[in-house]
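A.B. asks: Those sequence lines, one after another, are chains V, W, S, Z, X and E. Okay, so the first sequence: first residue is 0 according to numbering that gives the first Met the number 0, each after it adds one. Okay, so the second sequence: first residue is 0 according to numbering that gives the first Met the number 0, each after it adds one. Okay, so the third sequence: first residue is 0 according to numbering that gives the first Met the number 0, each after it adds one. Okay, so the fourth sequence: first residue is 0 according to numbering that gives the first Met the number 0, each after it adds one. Okay, so the fifth sequence: first residue is 0 according to numbering that gives the first Met the number 0, each after it adds one. Okay, so the sixth sequence: first residue is 0 according to numbering that gives the first Met the number 0, each after it adds one.
Derived by calculation from the structure, the hints in this document are not laboratory data. For glycine and all other residues, C-beta sits at the position ideal for the given N, C-alpha and C. Any given hint could turn out to be false.
Unchecked claim - Ranges between beta-carbon positions, derived for each pair: (1) Z:Asp6 <-> E:Pro61: 32 to 38 Å; (2) S:Pro61 <-> Z:Leu228: 44 to 50 Å; (3) Z:Gly173 <-> E:Glu220: 40 to 46 Å; (4) X:Gly72 <-> W:Val80: 37 to 43 Å; (5) W:Ala251 <-> V:Arg230: 37 to 43 Å.
Number of protein chains: 6
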Amino acid sequence: MTPSIIDKLLDRAFEEDLSGGDLTTEACVLPAAQARATAVARKPLVVCGGEVFLRAFTRLDPEVEARVHIAEGTAVEKGAVLWEVRGRARSLLMAERTALNFAQRMSGIATAARTYTSALAPGSSTRIADTRKTTPGLRVLERYAVRTGGAHNHRDNLGSAVMIKDNHIIAAGGIGPAVERARARAPHTSRVEVEVANFAELDQALAAGADIIMLDNFSVEDVRAAVELVRKLPVRPILEASGGITLERIRALSEAGVDVISVGALTHSAPAADIALDLAL
Amino acid sequence: MTPSIIDKLLDRAFEEDLSGGDLTTEACVLPAAQARATAVARKPLVVCGGEVFLRAFTRLDPEVEARVHIAEGTAVEKGAVLWEVRGRARSLLMAERTALNFAQRMSGIATAARTYTSALAPGSSTRIADTRKTTPGLRVLERYAVRTGGAHNHRDNLGSAVMIKDNHIIAAGGIGPAVERARARAPHTSRVEVEVANFAELDQALAAGADIIMLDNFSVEDVRAAVELVRKLPVRPILEASGGITLERIRALSEAGVDVISVGALTHSAPAADIALDLAL
Amino acid sequence: MTPSIIDKLLDRAFEEDLSGGDLTTEACVLPAAQARATAVARKPLVVCGGEVFLRAFTRLDPEVEARVHIAEGTAVEKGAVLWEVRGRARSLLMAERTALNFAQRMSGIATAARTYTSALAPGSSTRIADTRKTTPGLRVLERYAVRTGGAHNHRDNLGSAVMIKDNHIIAAGGIGPAVERARARAPHTSRVEVEVANFAELDQALAAGADIIMLDNFSVEDVRAAVELVRKLPVRPILEASGGITLERIRALSEAGVDVISVGALTHSAPAADIALDLAL
Amino acid sequence: MTPSIIDKLLDRAFEEDLSGGDLTTEACVLPAAQARATAVARKPLVVCGGEVFLRAFTRLDPEVEARVHIAEGTAVEKGAVLWEVRGRARSLLMAERTALNFAQRMSGIATAARTYTSALAPGSSTRIADTRKTTPGLRVLERYAVRTGGAHNHRDNLGSAVMIKDNHIIAAGGIGPAVERARARAPHTSRVEVEVANFAELDQALAAGADIIMLDNFSVEDVRAAVELVRKLPVRPILEASGGITLERIRALSEAGVDVISVGALTHSAPAADIALDLAL
Amino acid sequence: MTPSIIDKLLDRAFEEDLSGGDLTTEACVLPAAQARATAVARKPLVVCGGEVFLRAFTRLDPEVEARVHIAEGTAVEKGAVLWEVRGRARSLLMAERTALNFAQRMSGIATAARTYTSALAPGSSTRIADTRKTTPGLRVLERYAVRTGGAHNHRDNLGSAVMIKDNHIIAAGGIGPAVERARARAPHTSRVEVEVANFAELDQALAAGADIIMLDNFSVEDVRAAVELVRKLPVRPILEASGGITLERIRALSEAGVDVISVGALTHSAPAADIALDLAL
Amino acid sequence: MTPSIIDKLLDRAFEEDLSGGDLTTEACVLPAAQARATAVARKPLVVCGGEVFLRAFTRLDPEVEARVHIAEGTAVEKGAVLWEVRGRARSLLMAERTALNFAQRMSGIATAARTYTSALAPGSSTRIADTRKTTPGLRVLERYAVRTGGAHNHRDNLGSAVMIKDNHIIAAGGIGPAVERARARAPHTSRVEVEVANFAELDQALAAGADIIMLDNFSVEDVRAAVELVRKLPVRPILEASGGITLERIRALSEAGVDVISVGALTHSAPAADIALDLAL
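I would like the entire structure built from these sequences, with the hints used as guidance.
C.D. replies: Set out below in structure tokens:
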């Protein structure tokens, strides 16, 4: 993550929370007062966002000392001390909520990613991938959190890779023409993915030479059949399962041999991780 | 919500998703192609974010026609058609994900707010309030969603009102001095809230003349006792319950007579509402 | 004041003044030349804005050394040395006007605030408050300057507290319904203020349970009568005098016992304080 | 003034005032309520800022109808109706303060400019000019207001023209070398101005071929002598009086024949013009 | 291209050129004066940037009427009328240079792209691709211009696809491990490209299963040999020639059968197209 | 160049290139790996942009050590080492392209400026000047590069000086009235330039007292005649040649005695200088 991008996000958050100052802290805490604070997991979680968390404090006050206790991506138990800051009590109090809002969201996503990847069949090479269903403005952080939790990123945005869906197919006059047009226009560095709803479309996508085929709302049995179908091909495309994915279906889908399972819930519905700041003057 | 603030949020989201264009749509869909799309609830939800959803399309393409089908704050069943857009197919496809990312989050929060307020004892005057545990950069939208769902907002930010917590009390040398200092400094338009952890602190907060007292992690019984205590006073402060609030405890807390229950989960952990865009060329 | 907010304001100012470089300094002063400069009061004033003044230089050139000579809020005589910077002569010359433009405005407002608070009756508990009549884009600095001068801030913005004026009353169908609606919607941390133009409205505001009542354009005698009226109440609201406030009326108004006097001129019409930069190569 | 620059300034102002919404208006005024409002001079003033004032309303709500009653630069009496807006009552109430904050400042500066230009000797060709002592971030508006009031602009910023002051002279080793260096570096479209403190320096500036000579803190008699001195030259430079300019000295300085009188107070200390918004539902 | 992204670029350009207004136009041209202007090619060129060119005028003044005469991507002769605007003479004069600066650059790049693609062997399927050597801040426009001229885009940025260069190989401990690591981390939608300097590295890249192999500074003969080598493989990677590409070598390289030729000069050294604005009052 | 302006430009460039991270570097290079990189001229060039180049690395990673080897404005041969950076290999690889994109453009322009100034007749006092035909958003850098190469800047923007062209003349009713109006309105620090197409207009411009006269598309002979014409005047204006300037005509034009030759190609068509980054782990 690029520092100037993080700083921009922090500055926006500070504008939300601190544009009118901090009435309470300015009234109650002397400028010279020092404090030490530790971020503590209040429930088990996968650690993520330490850089952003600590940067919130040092961005607000460059003299704050910041320290990482536990590395990104570590699964910790309740009570684990994740990060630590020391410096002016005012600075620690004023940045506290902003720092936690970032860290709780990021750790929440990393924890969800770990939950999903842990549900894969042991030894499976299936990857869990995120989607573009991210919080507007925070995609860079959320994709990082997904990776930190052990899952993978899907394409970054609409310009990174081709994903042909039903309406693109209708507009182009079929899967074949759609793939052909996309291939002709897209950078040669981008793969071409086609979303299919049934086996007839799967056949067309294979005929069109799609690099990736997304099996939309396929049952586990149908996913397995699709995997077996493509395994016989000399050049096999990547198969991705998507749509209605629940944690319960992950194991069966990975056992069915699909390459990728994409899960919107990783980013749009991961509950915040429970992290508290223990601050001592 | 101020249009220029919404547009700024949309522009940031477009930069994330469209800075490299839309490879697929530009390849497959002719510029002249027209389409119509409706946003449909795929599960029961409370409608929220129509203005932002529709503005995503008209911001990207001022010629798109936008229409609201169901008013903000309405609880709908699965299948309800919420909003509709018509215009260039390219514009609809390119704005689709951005529009949905906003609307799903906002409706998700409104739905959570409705769930919590519906759990209050019938006829109760207790209000469910949000916290500052919002998504960085989106506080204005999330507070709106909380209100749309029927809950209430807490203070907007650190400069809107005084909230004296444990470290402020330590720094100021007690609840009394903390309230006094805050009162002396804060705008006369802001109330002074004190967080207390037990009855001894509650007594001090009452003695200090706090306008609002937050009962932090009080049991339902203790909340009830606190309510009874303050009811006897000539000028009673507002009592707020906070900390470890779960949906299951809402009814009992409201029956105990507390004025406000603040719930961080409203904003930091509400799952996205399930809304799909049905697009027809 | 949050550093990132100050830096943003400084960067805007630099874009105004330095987007085309500094023709004169770049031509006449060698890059290696060093200098020392002191900010000197050329007339009596209340010191304010040292942090912003010094940051202008260190933002432009992190190697500049900055030093505070006199603390914020101090009333000084002509000739007092307020702040000092040392470093590259080019940096000092290029940041000079920007630094002074901020400091002169901030010290001007602090000086005006001191003038008004000094006009209060000795021992009075009346506070002088600012208004939202601030320079667009600089509200955070101007509110800080008001506090530095010894006056108080009114609500930060339209979202911080409720202020019911004539048109709100008309729209709501009376003072009673207006207060009720505002109370029902506003955060429980915000007080509800009502502006009244006469005693009839004052009675209605009292009946409605307004927390603060603004006496708009009341004579000193009427203010005194209003104060006496509310003193008899078991729970008395805060009384604020506003409208046509001049320095000459401050003493009488405070003697009349009003709690707050709000003065738009503090921010919209305070003349710049006279501060010069004495620079020696 | 460029629309996108005005919009940027308005958006910043809205972020200050409306980032938390408008608690009062949203509670008391129905979305459908319509209103009409007129901006009225409450004291004599020179009209300035109509475009920004009206744009505040239409930026917030494009359906507001905006109308100019009195042209920019007109001197009006108390009671004059300057501008008018019609539309949603909510929009008018929410933009009111922002619109007035801009207009009062701009009209205040235009009024000050008119006061100074009116003090010139009748028929005088002397111009009153502003300085770079403008409000950070608002220079473009303030320079426009100066022109609207009938005064003139000095250089826009440090990159627009050369102004050689005492420290530049020291650094360059004298007025001659300073002018030479500046001439060699600056665009050929920029004039070279030299600030002089006495007649010896004036002679050097003349010898160096300065295009403009600023007489810093010269008495009226010395200004007159300087004017007579340069009138005898085949190519005469422009003479500018600056430093300690008060309204009282304007007439004498113009009678002394100086070309330009620059007045920092035009922008840094002009009191806000008194404009009210009369709003009727 | 997304309108809000174009507007942001235009606003920055206006800030550069118009932050101090337009002294000449405001002095010489009455506000009411109308004019008509046409953009005319003064030399043969490929038309590109009409949308940005016209938007410059309508962004500055929404009442300007804008009209496209010749479609994007058309090769025109000297004298061709490309675009037309009508409206306030002031608006046309003030936006003229900004509009042309964008259009001349974009048409310059499109013209260069056409020149390179025209140099390919007739019937060749080789594509000319751009690189990341774009003007900072204008990548989106320049990549569009490349496509408009008939060439192709390479990856959008460092996050869109994998490109393994010499230092990555050293750091990873060889081409094999580098490809493996990148494959394990990158989105499944991104291809993996490896840059090779000789046939030994080419063999390693093939063994590692690279999707794309960039032949860096290969002679035409070596390119041909590489093409023949990979043609024998069951799954052939895409071959890209890069480094020291000149217009003269394009034909031979395409005849050698390489899939892609990437040319930094398309964006970093394309001379501006010669377009003038003929403006008639 | 102001640091905050440079940082803003760098941050925009990083957003373009790094908003999705650097897939390759993050996969292949360990965070702890260190490297050293030198920027090397691959062809003769005039060095420019070292500050921006080095700042790209330290902005991305403040721990990178940056060092200048060769001073700005130096003409170097192929192989010269210009700048050096040491630090985390990841940081060097991620900032490489951004740093080079700036430096190659700036050095390209400086090199072009040197080429043009070197073509002047020996001992000539004619200056080569740039125009407003700069890359949108990068004017500040490009004007600096022009100066670094030894050429001069023309006016910064439309607000810095007056340039009266054909349409201004038509609108104002002649050269005389146009000059008069501009003179009356423009800051006294700005010169007034008039563009003339023939000797009749030249006479009118002289009569009007223009400070600078631009001879638009004059032949060398006509330029010489114009120079001789004005040399006889008691106060001679500056003469500027413009339009259709090629490198071949520079010497003759300077021998003809014109004061300024303005060349749009300096900024709009200078090819990028060839600079490579040699990076060693």
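A.B. asks: Output the numbers, in ascending order, of every earlier hint that fails for this structure.
C.D. replies: Violated hint (a single one): 5; every other hint is consistent with the structure.
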